[in-house]
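Listed below are the residues making up each chain.
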Amino acid sequence: SQTIHQWPATLVQPVGSPLSLECTVEGTSNPNLYWYRQAAGRGLQLLFYSVGIGQISSEVPQNLSASRPQDRQFILSSKKLLLSDSGFYLCAWRATPGQGYYGYTFGSGTRLTVV
Amino acid sequence: AQSVAQPEDQVNVAEGNPLTVKCTYSVSGNPYLFWYVQYPNRGLQFLLKYITGDNLVKGSYGFEAEFNKSQTSFHLKKPSALVSDSALYFCAVRDINNAGNMLTFGGGTRLMVKP
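Line by line, the protein sequences are chains W and Y.
Read in the numbering used here, the first sequence has 16 at position 16, and its numbers run on one by one without any break.
Read in the numbering used here, the second sequence has 114 at position 114, and its numbers run on one by one without any break.
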């Protein structure tokens, strides 16, 4: 069965420090991968998506970057965190078209607080 | 561009009463629609989806949703609410015009079920 792992669950980082959040998927190959951010416990904003290794598309210009070094690994990074980067970060995956699975599965999220 | 609207920030209902959480959408072409639920500090859990076929879709935990093409709506319903249904609910539509096939979310509706 397919599973998604996201860590850490919570993170408190000082302003100006680097960031690395990791997401891995098991039980599937060549998934579409997504990073969303949820601010103030409400709306979800798509940050990045990837349709393959090394292929990253950014939806919102910001202080963050993403990488996909392996097929089922998606990393969200920052060189220098800002206060405004605080939020709840969610990773998600979707089977590529043609695999007959239309759902999206979300990780358990990372609560990032920048202080 | 496609969009999803959830007109109610919060819905209050008494336990045992029916509940409805509203969602309207705007897409070009046929919509792929989803409902997710989020409990505090958790990831999103899939409830149900509409891809094609019967307009009444049944999902997890006794929830169902009715797809109405003429009204461009996809309201979430449950015949008898439970206190444990209290959570944040998101309606989403898949962007089939983008290679990333990402989900676009509504702003979320907080459901409060009172005993």
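It cannot be assumed that every hint is accurate.
Quick list of simulated restraints, FRET-style, between CB atoms [what the hints assert, rightly or not]:
id, chain 1, residue 1, chain 2, residue 2, range
1, W, Gly52, Y, Gly53, 25 to 35 Å
2, W, Ala9, Y, Gly29, 33 to 43 Å
3, W, Glu59, Y, Gly29, 17 to 27 Å
FYI, nobody ran anything at the bench for these hints, they're computed from the structure.
All C-beta atoms in this analysis are idealised placements derived from N, C-alpha and C, irrespective of residue type, glycine included.
Evaluation of the provided hints:
no. : hint                             : result
1   : W:Gly52 with Y:Gly53: 25 to 35 Å : 31 Å, holds
2   : W:Ala9 with Y:Gly29: 33 to 43 Å  : 38 Å, holds
3   : W:Glu59 with Y:Gly29: 17 to 27 Å : 20 Å, holds
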